[in-house]
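Trainee: The lines below spell out each chain.
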Amino acid sequence: MYRSHVLVCGGTGCTSSGSAKIIETLQAEIKKNGLKDEVAVVQTGCHGLCALGPIIVVYPEATFYTLIKPEDIPEIVSEHLVKGRVVERLVYKEETKDKGTISLNDTDFYKKQHRIALRNCGVINPENIDEYIATGGYEALGKVLTEYTPEQVIQIVMDSGLRGRGGGGFSTGLKWKLARANEADQKYVCCNADEGDPGAFMDRSILEGDPHVVLEAMAIAGYAIGANQGYIYVRAEYPIAVERLKIATAQAREYGLLGKNIFNTGFDFDIDLRLGAGAFVCGEETALMTSIEGNRGEPRPRPPFPAQKGLYQKPTLLNNVETYANIPQIILNGPEWFASMGTEKSKGTKVFALGGKVRNTGLVEIPMGTTLREVIEDIGGGIPNGKKFKAAQTGGPSGGCIPAEHYDVPIDYDNLIQIGSMMGSGGLIVMDEDNCMVDIAKFFLGFTVDESCGKCTPCRIGTKRLYELLDKITNGQGTMEDLDKLEELCYYIKENALCGLGQTAPNPVLSTLNYFKDEYKAHVLERRCPAGVCKALLSYVIDPVLCKGCTMCSRVCPNGAISGKVKEAHVIDQSKCIKCGACMEKCKFGAISKK
Amino acid sequence: MKSLEELKAIREKMQGQIGLRSESSEKTRVVVGMATCGIASGARPVLNALSDAVQSKGLSNVQVTMTGCIGLCQYEPIVEVFEPGKDKVTYVKMTPEKALEVVDQHLIRGQVVSKYTIAEVLG
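Sequences listed follow chains A and B, in order.
In terms of our numbering, the first sequence opens at residue 1 and continues consecutively.
In terms of our numbering, the second sequence opens at residue 1 and continues consecutively.
Honestly, the hints are just simulated from the structure, not real lab data.
As the structure is a computational prediction, the values presented were derived from the model and not from experiment.
All residues carry an ideal CB built from backbone N, CA and C; glycine is no exception.
Careful: at least some of the hints might be erroneous.
Said to hold, decoys possible - Using 25 Å as the maximum straight-line C-alpha spacing, the simulated BS3-like pairs for lysine-lysine come out as follows:
{"hint": "1", "chain 1": "B", "residue 1": "K2", "chain 2": "A", "residue 2": "K246"}
{"hint": "2", "chain 1": "A", "residue 1": "K588", "chain 2": "A", "residue 2": "K567"}
{"hint": "3", "chain 1": "A", "residue 1": "K143", "chain 2": "B", "residue 2": "K13"}
{"hint": "4", "chain 1": "A", "residue 1": "K517", "chain 2": "A", "residue 2": "K494"}
{"hint": "5", "chain 1": "A", "residue 1": "K36", "chain 2": "B", "residue 2": "K2"}
{"hint": "6", "chain 1": "A", "residue 1": "K83", "chain 2": "B", "residue 2": "K27"}
{"hint": "7", "chain 1": "A", "residue 1": "K83", "chain 2": "B", "residue 2": "K98"}
{"hint": "8", "chain 1": "B", "residue 1": "K93", "chain 2": "A", "residue 2": "K83"}
{"hint": "9", "chain 1": "B", "residue 1": "K98", "chain 2": "A", "residue 2": "K260"}
{"hint": "10", "chain 1": "A", "residue 1": "K111", "chain 2": "B", "residue 2": "K93"}
{"hint": "11", "chain 1": "A", "residue 1": "K517", "chain 2": "A", "residue 2": "K535"}
{"hint": "12", "chain 1": "B", "residue 1": "K57", "chain 2": "B", "residue 2": "K93"}
{"hint": "13", "chain 1": "B", "residue 1": "K8", "chain 2": "A", "residue 2": "K143"}
{"hint": "14", "chain 1": "B", "residue 1": "K27", "chain 2": "A", "residue 2": "K112"}
{"hint": "15", "chain 1": "A", "residue 1": "K36", "chain 2": "B", "residue 2": "K13"}
As the list claims (entries may be wrong) - If the Cβ cut is set under 10 Å, some of the chain A residues that face chain B in the computed set are:
{"hint": "16", "residue": "V57"}
{"hint": "17", "residue": "Y59"}
{"hint": "18", "residue": "R85"}
{"hint": "19", "residue": "N128"}
{"hint": "20", "residue": "L141"}
{"hint": "21", "residue": "I262"}
{"hint": "22", "residue": "N264"}
Produce the entire structure from the sequences given, and follow the hints as far as they go.
Mentor: Next up, the structure:
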């Protein structure tokens, strides 16, 4: 037994900031200090505070160390692990407080969160099934198989009010019911782990931090709908997730939690992995199944819905990773427990990937109905550099923008739709006054153009034309007529595209047009980008009064566009300026501004 | 896995160990002085004995942790027990054997082992 556990985050964020090296150094130092039998090093999944990785948590004190470098390790070992003295300088501190916060759950970042789907992420070793079992794992499966009928299981899921966390928000219980109702000799349970929204990585973190929860939930779903085979469709770009899923399925089979006659009840269920090759459209349910079948990942028309004719033309249940991650907890704690959280029509919690102009970027899980303000100001720590909140983008390329006027709207499925955005898979990108909304719309359209599978014309050609119109506007060549065309084309694509990808692709344009029409107009009528982002529309100028003639700017200009004598005001030659902003960054007197 | 009992057995075996990673203000804290003075007089075996005993007996409401020099170096190894809502109890000149007595008497039965407390030893 160990007297202390040192948890090192092995999520993707911390892995890329060097946690593997940290673990190695830690183990070497612990050995050197003769603590090998007293202190355990445990690699866990994502803690959520990815911007501050690599992260280490030392138990039993729950000391939360952030931004750890290998050079810090000897000090942590000799001070904290040998002598019990916390290394204050490495402890996570909140900027709003004067004192260093030591314990993890005391931080503002964690205090307001409610972790259900992420409950084991950063707590257990995802490569050890025993640790999952220690936190109540596979108990829900055992309970379901020995105590409940499939109908009762479906009723529990229905009563909980759980809705699909992949974006659509369809009732999970109803989906299960429909899949059960269709008689067939073979049915399938699939897990959509083809997370593709730019910025969203909650499914990745669950798979990396708590892979068994997905296996357990899929087995429960298999029992409920009458299927004995499951597939997890996971992106090949998630190598850590794939590796841990492989380990988890092997361990579950070894324990007899997958395979034949589970819990001696005669129920058989097994799961195989299928790797996606990176097409965004394969996150769309029909395209995903087409891809599992071995065909090119293209959507097919619905109906028939997957519950009727899905994978290999058999009734299929398809849920998202985060949806599954809620299931075992709902079974164990009861549907009333789950339904007690959230708003009237959106129950439970939702994980958001917080990114953009916010201090604490990372993963947060909040009860439905939390306001955007709470998420950004309290959990996210606000917007850095004293800038003002302008909008938040939710739902990735399928979603829209939430402007400051809706800062206090409780976040749930229906409210977001009502204000022209959507929950989506949970990407939440915060934007401040320096973000140009036309440019943002263009960014997302660029993504959809790249990812359109090309099967249907409205999406293949329509999104391309939308992109071209936006490009024209950001280049200062747009007309008011273009704005009308833009809107018309948006509605056309929405109504005529074959699958969800195309139908939602115009959303970023529509919502920015709706809330930030003035910004579009400024680009068109005044040939001006108010946020100073669109390069074609801005010019850098030197204020001759403030300029001291230090020559710094002319020296850093990569294109020789700045001229002037020492101690005399300098001038930028607009025909040569490439608008890189290097001069403005270097000017010590604030004499250069962009207009 | 053939039965729920099997699953339960694994869970109980692992829970004591995972319990180390839970946080709660309601917990009893057992603090071992692990400064140079403490280590020199043998605090490490005391700490390990306490930690092992607490985990193997599944005392999920007890946290065994360390601290620096308490200031009574000649009485090290020192172990202090903080129970929520009660005065702290300070045990001095501890050994692994005495520590196990403290676990059985104090932490499990709630009876302070007076003969090892600072009041008793200092007279």
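Trainee: Each hint needs a verdict: does it hold in this structure or not?
Mentor: Hints and how they fare:
no. : hint              : in the structure
1   : B/K2 <-> A/K246   : holds, 22 Å
2   : A/K588 <-> A/K567 : holds, 14 Å
3   : A/K143 <-> B/K13  : holds, 20 Å
4   : A/K517 <-> A/K494 : holds, 20 Å
5   : A/K36 <-> B/K2    : violated, 35 Å
6   : A/K83 <-> B/K27   : holds, 22 Å
7   : A/K83 <-> B/K98   : holds, 21 Å
8   : B/K93 <-> A/K83   : holds, 18 Å
9   : B/K98 <-> A/K260  : violated, 51 Å
10  : A/K111 <-> B/K93  : violated, 40 Å
11  : A/K517 <-> A/K535 : holds, 20 Å
12  : B/K57 <-> B/K93   : holds, 24 Å
13  : B/K8 <-> A/K143   : holds, 12 Å
14  : B/K27 <-> A/K112  : holds, 22 Å
15  : A/K36 <-> B/K13   : holds, 21 Å
16  : V57               : holds, 8 Å
17  : Y59               : holds, 5 Å
18  : R85               : holds, 5 Å
19  : N128              : holds, 9 Å
20  : L141              : holds, 9 Å
21  : I262              : holds, 7 Å
22  : N264              : holds, 5 Å
This entry does not satisfy hints 5, 9, 10, going by the numbered hints stated previously.
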